[in-house]
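Once you've looked at the hints, dock chain E against the given chain W.
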Amino acid sequence: MPPPMQYLESAREGALIDAAPLLQLTGIGKSYGGVVALRDVDFDARRGSIHAVLGENGAGKSTLMKILAGVVRPTDGAISLDGEAYSPTSPADAARSGIVCIFQELSVIPDLSVAANICLADPPRTRLGLIDRKRQAQMARDVLWEMGVGQDIDVSRLCRQLPLSKRQIVEIAKAVIRRPKVLILDEATSALTASDVKPVTDLLRRLRDEGTLILFISHRMHEIEALADVCSIFRNGTHVETYPTGSRSSDEIVQLMLGRSLTQVYPPKYQVHATTEPNLSVKGLRWNGKLKGIDLQVMPGEIVGLGGLDGQGQQEILQAIAGILRGVGGTICMHGTPLRARGPGDGISGDRRFALVPEDRKYGGLFLPLSIRANLTAPVMDTFARFGIISRKAEAGTVARMIEQLQIRAENLDHPVETLSGGNQQKVVIAKWLATKPSLLLLIDPTRGIDIGTKQEIYRLLRRLAEEGLAIMIYTTDYDELVGLCDRALIIYDGCVRAELAGDDLSEHNILKNALNLGEAPHSREAQQ
Amino acid sequence: MTAVFARLPFDVPTRSIVMAAALLLLVGGWQYPQFFSPPYLAQQLQSGAFLGIVAAGAMVVILLGHIDLSVPWTMTAAATVATAVVGLTPEVLVSEKGVLAGLAVGAAVGAVNGFGVAYLRIPSMIWTLATNNVLMGILVYFSGFYALSSRPSPLMSMLGSGRMFSIPNVVFVWVAVSLILLFILRSTTLGRRIYMVGTHEPAAYLSGVNSRGVLVAGFVIAGICSAMAGMLLAGYAGQSYQRMGDTYLLPGIAAVVLGGTSLFGGRGNYSGTVAGVMLLTLMASILSIMQAPEAAKQIVYGVVVITMVGFYSLRERYS
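Just so you know, the protein sequences line up as chains W and E, in that order. The first sequence runs -2 to 526 under this note's numbering. The second sequence runs 1203 to 1521 under this note's numbering.
Same shape as in the complex, but just chain W (with noise of 0.2 angstroms):
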């Protein structure tokens, strides 16, 4: 471990910096039953500095932000906090003595206003001890321009109304309306478009310029290399490094989370028959005011991209194709007869197979109480079952096929499919649909929330899926995914095609460009900035 003072330096321009460090942990360890989280860590972090903490899933980072938001507590050792013993008892407690973390999943309460929401830990009370919305909802609008998105949210509204990436906001505005003095974002900007982006690393600039102590965890690495002063690498609950951001490669920081060296990180594109009949057309695609007709092909062997802001229609396009929507205009055919897909269900047997694997892994691929095996086998069971009576024999050999295929590291294949860590419940949402053997594969962002080693190995997957002649289509709000995956994207504003690009075309500039509808569209401005 590096000496405190080696990453002094670091701390940039107009950043307070002290002598002794505001938040100081020594010998902290936590452990579940038999299973280590932590061990023996050591961690330093100064106040006015961005302290990013890097790692693949299951290293032991959101432990860590938990144990210091007070929602566990250490099995061993000590943390100081400001020279001051601090052990949380709760967030609440947590809050009080100035730390407060955002957490990736949301909090916010969908049916209160933006208003209520980011007021809801100490909302302001009139003289008689309600309520004073007034107050409430000018407060909420202070800090929403603060943070350089006023414009863009009101606080009147109901959270639900807001798309993903604005409700995100709202969770943010939230923690900083507390003023604490250690921010902890763990993977708190995961579901933010482009232009949502900037305004919150501004607003987390002017933090850490105030003296506030942020702790970052994050997946996407640029975000990281943009944002962060410090950087501390964490493998199997060991802290294994921290060092001034910029003082290692890319490199050197993906071999210090696994341990090991990563050859590249996006497979080889493969090249397509221009010739073939596509696997899935549609023309014309209408919904209810979200999409404005969209005219798509996906050809077998190809990966096709659905990129753009957050919330114009990509998810309502698959969704549209799976069947859950009602009330779809315009015609979609699946080799080239027309598909009228009732749900998902639909795309189990028969001839025209197609296969969903949806946004939310908690609440729409899995059941978490329930048993890896019987997730695994959910869309399939039939085909082992005769009578409707399961044969255990044969769902055994394909449930380890499945394994297998996949890689999926399970201990006990009875086990709650919730003891599994992020990366393996996506791997077995992807198995689920696989075992149906489906010729459309549809995806929404399959790698929202996952480690780096776990990404790649689902690139491959997809990429040798696309090789043996599925035609797959893909939402992402990762651009470089875009880039780096897709052979073809389609860039989606405001419920139309606005670009299909491929080749040399396909750059995190053009989709930017193109997301943003050429600069005319009212999200533009503050992204361009």
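If you are wondering where the hints come from, they were derived from the structure by calculation, not from laboratory data. None of the values given here were measured: they were computed from a predicted structure. Careful, some of the hints might be misleading.
The following label-pair restraints were derived from C-beta to C-beta distances [as the list claims (entries may be wrong)]:
#, chain 1, residue 1, chain 2, residue 2, range
1, E, Leu1516, W, Asn409, 21 to 29 angstroms
2, E, Pro1404, W, Gly324, 54 to 62 angstroms
3, E, Phe1385, W, Lys434, 24 to 32 angstroms
4, W, Gly333, E, Phe1317, 50 to 58 angstroms
5, W, Ser346, E, Phe1317, 22 to 30 angstroms
6, E, Ala1244, W, Gln404, 53 to 61 angstroms
7, W, Gly126, E, Leu1516, 26 to 34 angstroms
8, W, Leu109, E, Pro1404, 20 to 28 angstroms
9, E, Gln1500, W, Asn409, 42 to 50 angstroms
10, E, Val1336, W, Asp292, 47 to 55 angstroms
11, E, Phe1385, W, Asn409, 17 to 25 angstroms
12, W, Gly286, E, Gly1512, 41 to 49 angstroms
13, W, Arg323, E, Leu1489, 30 to 38 angstroms
14, W, Pro121, E, Leu1516, 27 to 35 angstroms
Chain W regions said to be covered by chain E (calculated; three or more residues, Cβ under 8 angstroms) [claimed, not checked]:
#, region
15, 356 to 364
16, 381 to 388
The C-beta atom is built at its ideal place from N, Cα and C for all residues, glycine as well.
Below, chain E without anything else, positioned relative to chain W:
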């Protein structure tokens, strides 16, 4: 003790309840020696069996994350229709049409319950309460205008009150129902889907499960269980009568909850429900021996549900 139990296919709540029931039996036997006499134990099993059949159906619905409050009048309606059909065709064997009619009533009520919950999306707590009231109204109305026979068929009497090797026949029915249900829950696609829909219905739909069909099937199973319990009870009592099912609603749910099935659906084992039925039956019989009034029993059922729901939800929160 634990080592023995650890080898049995019981989960933790089942084990603790079985132990609690054993303890209750020991304490009861120590205080009241007649507790250990075979006829008394047989008597306990008999009254437990009626409750057990109701609880079996209630469990399926609770696993789906719903509740069936139409149990009392489904039981009464099935028994009343069955005995009425028996009255119309009293010949031996032919009269057993009544049993089929009773089962059909149970299935039909279940289908209506399931339809309202799955297709109309009305909360089961409201919808089944309403079907319960409608059934009550229909039965009260007809019994005011027609003289319906209330005599059970020979089969109903035989199963409801007969004995074989001094074990009440209704216990065998309970065992059969239990084995069938256990098989459905553990080894069939329907059983898997019941757990899936109960865990999270949207995820089940996204996994290609016909969740509406599963909901209807679950309510139909519950309706058939209630109907069986009603007809057996008529066989036991020698007649069908109004309000015959009233004392089974809460204990049926209590037994399921006591057995560790989550009221939010998706979690629970059938062995727990069986153990819950036994524990509740023992508690009721101790109260009877102590000559406690019926009101006291009802208080006990209520307190058991509140305590166990509280206990399990606390455990879920802190585990």
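Hints that the structure is at odds with (numbers, increasing) = 2, 4 and 13
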